[in-house]
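Engineer: Going down the list, the sequences are from chains A, B, C and D.
If you read the first sequence in the numbering used here, its first letter stands for residue 282, the second for the next number, and so on.
If you read the second sequence in the numbering used here, its first letter stands for residue 282, the second for the next number, and so on.
If you read the third sequence in the numbering used here, its first letter stands for residue 282, the second for the next number, and so on.
If you read the fourth sequence in the numbering used here, its first letter stands for residue 282, the second for the next number, and so on.
Any given hint could be a false lead.
Just so you know, same-sequence chains aren't split out, so a pair can sit in one copy or run between any two.
As the list claims (entries may be wrong) - Straight-line alpha carbon distances no greater than 27 Å define the calculated BS3-like cross-link-like pairs of lysine-lysine that follow:
id, residue 1, residue 2
1, Lys284, Lys627
2, Lys386, Lys591
3, Lys552, Lys387
4, Lys591, Lys387
5, Lys337, Lys284
In case anyone wonders, no lab produced these hints; they're calculated from the structure.
This structure is a prediction, so every number in the text was calculated from the model and none was measured.
Number of protein chains: 4
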Amino acid sequence: MIKAGIIGSTGYAGAELVRLLLQHPEAEIVWYGSRSYVDQNYADIYHNMFRLVDAKCMDEDMERLSKEADVIFTATPQGFCASMVNDTILNSSKIIDLSADFRLKKIDVYERWYKLEHKAPQYLKEAVYGLCEINRDRIRGARIVANPGCYTTTSILTLYPLVKEGLIDDSSIIIDAKSGTSGAGRGAKIPNLFCEVNESIKPYGVATHRHTPEIEEQLSYAAGLDYMDGESILINFTPHLVPMNRGILATCYANLRDGVTADDITAAYRKYYAEETFIRLLGNGNFPETRWVEGSNFVDIGFTVDPRTKRVIAAGALDNLVKGAAGQAVQNMNLLFGLPEDTGLKLVPVFP
Amino acid sequence: MIKAGIIGSTGYAGAELVRLLLQHPEAEIVWYGSRSYVDQNYADIYHNMFRLVDAKCMDEDMERLSKEADVIFTATPQGFCASMVNDTILNSSKIIDLSADFRLKKIDVYERWYKLEHKAPQYLKEAVYGLCEINRDRIRGARIVANPGCYTTTSILTLYPLVKEGLIDDSSIIIDAKSGTSGAGRGAKIPNLFCEVNESIKPYGVATHRHTPEIEEQLSYAAGLDYMDGESILINFTPHLVPMNRGILATCYANLRDGVTADDITAAYRKYYAEETFIRLLGNGNFPETRWVEGSNFVDIGFTVDPRTKRVIAAGALDNLVKGAAGQAVQNMNLLFGLPEDTGLKLVPVFP
Amino acid sequence: MIKAGIIGSTGYAGAELVRLLLQHPEAEIVWYGSRSYVDQNYADIYHNMFRLVDAKCMDEDMERLSKEADVIFTATPQGFCASMVNDTILNSSKIIDLSADFRLKKIDVYERWYKLEHKAPQYLKEAVYGLCEINRDRIRGARIVANPGCYTTTSILTLYPLVKEGLIDDSSIIIDAKSGTSGAGRGAKIPNLFCEVNESIKPYGVATHRHTPEIEEQLSYAAGLDYMDGESILINFTPHLVPMNRGILATCYANLRDGVTADDITAAYRKYYAEETFIRLLGNGNFPETRWVEGSNFVDIGFTVDPRTKRVIAAGALDNLVKGAAGQAVQNMNLLFGLPEDTGLKLVPVFP
Amino acid sequence: MIKAGIIGSTGYAGAELVRLLLQHPEAEIVWYGSRSYVDQNYADIYHNMFRLVDAKCMDEDMERLSKEADVIFTATPQGFCASMVNDTILNSSKIIDLSADFRLKKIDVYERWYKLEHKAPQYLKEAVYGLCEINRDRIRGARIVANPGCYTTTSILTLYPLVKEGLIDDSSIIIDAKSGTSGAGRGAKIPNLFCEVNESIKPYGVATHRHTPEIEEQLSYAAGLDYMDGESILINFTPHLVPMNRGILATCYANLRDGVTADDITAAYRKYYAEETFIRLLGNGNFPETRWVEGSNFVDIGFTVDPRTKRVIAAGALDNLVKGAAGQAVQNMNLLFGLPEDTGLKLVPVFP
């Protein structure tokens, strides 16, 4: 059994990790870390876990935890993991970091978009970006996996084959994304109150959202650009808050390169994803809806070509807490420990 | 492997059966019956099943189905199962009927509340009321299991120990219940449109809802009354429609018999449910919330005693599609086939 | 023009007062009080008021405000109004208090249920309980109007004619109430986050909710009891939180006195409410739904008699922010200033 | 008093017209037309109108209606108005058509996008596109006003100043729009059931939605193109269904022409909208949210410039049933009858 510790287990992503690991046949949770609820019963914070979890919340002592756990999940605010990680920890335990600390390879980009000093730049190079479908082989040997953001997973997986195969004008990419409210976390803030979110939709972080450079970096690699040397795709990314608990939809627009057809698009998606367990290709003319993936680790992707404007409109949908966070983290754990990738993740979407 | 057939697989309860049976280690679905969608791909009706179910919808030929299946689930409108069942079928296959056809033992009560002639009264006596926690032993040997209604499961389980132990005045029972909208089914009706349900709560079927006699009959048995001979507890039962997908909450009121204390209530709940896998007793002063059971087979029960009015207020919560329908049906299947009762039902509640 | 000041104008009830007073032909707002947002633009807190309100938030200096305003609305936490009110203020301005400070006539009841010392018991006797349909005449001459609670307005108006006419057993009253989330206020608390409220229903404050004694006191007066001398109706009142913004539904149960018929109930409702502008009687067998009153000052009331249990089930529905708070406060203001009661309140319910 | 008749008064847009006209000081409704509910009490279909509307639903006899009404609103499916309108009607009554029949000036475009033969092409030329802020002067003298679509009102008003002033590359426009579910109408269809819409977001009609040519035509006029002669802006328009009752948000993307700055954008918006009653300019860096306009006739518009990609992202929000349908229709009526444009439309947004 893999011994897993979670720091930040009382946030929504952390709680979803608990749900998934409880159903994982090869893992057990040995540490329910929580800054806010130390010494309280975990099931008193999340009553759905009553009779399923009989443990108290622990502190965030990552070094001590590394002695007890084979893998540490950090579902914590930006900056935490970078400020804690060291070789002692890494010699005892793998780290799967659900924050952004090790997602961006360029320190200046991190510091500019996150307004934070990076405390562990020495690990940036070895950390592997944990988008399993793209980086599978490198993840297996990693010590630190940077688990991708929810918006970024949706956006990158939707656009990757198109960029990789050179089917679209990389300078024309626009991503209009929509997320359920669990993505905003469990912090007690007025904008996240029921009455503020319900019966409304709003854009936020327009042209400034921090998932932007993460998408740009990964798509730049796909395009074969020398990102570290300053080459980069630039995109527009606009997230919106939707009055629902779970789900992300990314509607992506791009100009087609001359002569590219819908069949080319279909072929590109098939080339990269036909064998993927967690990516469901809906095909030309079909579009995903978040209700069909809720509770599962699936990403549904569909598209259409508009012959009038010569653009492709492609969209991806996933559950932001599963494939967008905890599910992908477990998928990464499976890779790290040599398990079949879908172990503990054969989740049938819950509808309605 | 148990071969299972579902008639009515494209309603919400039927679709939930599909979800649960797909995750059941000892069962496989051999028949996706659907009156409305014969010959269509099941996954075209429920896109969440894309790549998980590769089957077309079948008709409702129960006799043919009985030759292919070990167990038939009928998630159909009232009257269907009674009009179809016969000895040929029952000699080949078990039936778990999710409709009301075999729940009420008295034909006149059935016909009065359901405004339907009963087409198979000859099986009424042998059919077993499938409330597993109460009727476990009799279910094991049954040919026909009458799977309880969603409201009734919640209400009966909440009140059973209090009635059985004689702690309350049986003539004082009032059940005020609230249900998510999936309980109304997938029929295309104006009152179930999003804009009609959203941002509203309403009572319906007040003093006339058909789950009333089902609750009365079962509680009468618990009270030791000779129900078949005309003795019966009478209750008030008022359902309400709540703008959410899943979940039932039954808030129950009753006058305490003289001298009954909160400790007596606690003891009664423990006596009957302490060992139950799917009943979680929250204890005195705690109340259930539907969010904590969503997606799982749990029933959460809590209560308080009001010393001012000498009443007990007890409440139960469950997921109407799981413990209130498909989950309980699978639990019954497990009993029928000698499997551990929680096989395929170790579902961790999904939150948020 | 009536000059109106609002203390607590940035809570939901206060904001609804702003909405209503802006549309009131005989009133203008001269003071937008707010503890949390002093000196900030009101329209920066409530963007719906952009270009409609050009004022900054003021402090809570009630004495100064009383010099500028003809009427002061206190939409503030319990204890505030009682701690501030004095004769100087009352000589300059009327007070309509939306908190509970002057609703309960017995200090010990207030202090027991609210766990607060009452700071102005000297005004308790003269303050008038502002349930317009019942206390209209006394309200006109009041200096302090105690604006009723949202649950209590619904509950009392639904039950008043039945108690007043002696049609029900007063010891048998059970009120099962359901409220939208705006009733919980705009405080940043985890239980009120979107993801916590959405897709769930829960009871709360069972047997302890503070609107209980308020309902009991008013119904006791209706029953002709000597409440101040210790006589009282005792009820059970159970509120539930519903995932919607606005709306309260109170489902009320009571045993009928011998021989009482549905026609008697109808006659009682007609006797007291037939001429009421804001009470809509739906009649025997019809039940209210909160969607039909949203945004308006209406209370919809319906009922049925269950001949099996000899109980009446009656239900009332209103918009908790309008008739349950701000609308009723404006109705009280109209009474205080000799205006037609529906001035500024001819609001057509908004649906969907 | 203006005598108004409504054909299609039992759809959501028709019902909103009823709500607005009931509160309009210079209009009265003389005809509640409804194909589905002839001879039924209007208030039995829309219970919110109980005691406010005492009328039965009438048929769709437009000629008879034209004799009784000064203005006829047709809130009907596409094709109805065109099939009915004639000179007899137009000599008696003005028509404000909420369908698409007279919005598109080119018959072939109408027939291609709507898959309908146009039955009254002879009126296409004289019908005026009723976007009040743009076409005010021409509307005043019209006999037929083509009331704009909900998505189109939002999209055109957001983009009009930018196109008109030549600030953006017209070939680069992408509109990603999101709508509440009332926009889908009150038809009883499975995709509009509560459980299908709730907890999900989906794109639909991608690259094929019928509001596309309407936006293109109007923006082409703004750009000074000879639209009737075949010149046209081409856009991408993608609508999404959001789990909320009301509200439309259009997030618009376009490449800036060389040298265009945020100040230029601000100046353009001010130039066209600074004096507009119903357009609220939020300014650079601010974005609208549908909750702030609900129930009102406001359009809120904000934008930002992304210096990295040299694009402007502008967004507009409105209530699809008010400014997107019934409110704009009333605004048009006011123009037709020489009333101040905001008569009956001084609606304060309802929040929460």
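Engineer: So, for every hint listed, does it hold in this structure?
Structural biologist: Verification of the hints:
1. Lys284 with Lys627: Answer is both; intra-copy 20 Å and inter-copy 21 Å each pass.
2. Lys386 with Lys591: between (34 Å within a copy, 25 Å between copies)
3. Lys552 with Lys387: neither (30 Å within a copy, 43 Å between copies)
4. Lys591 with Lys387: between (34 Å within a copy, 23 Å between copies)
5. Lys337 with Lys284: within (17 Å within a copy, 43 Å between copies)
Against the hints set out earlier in the document, a violation occurs for number 3 only.
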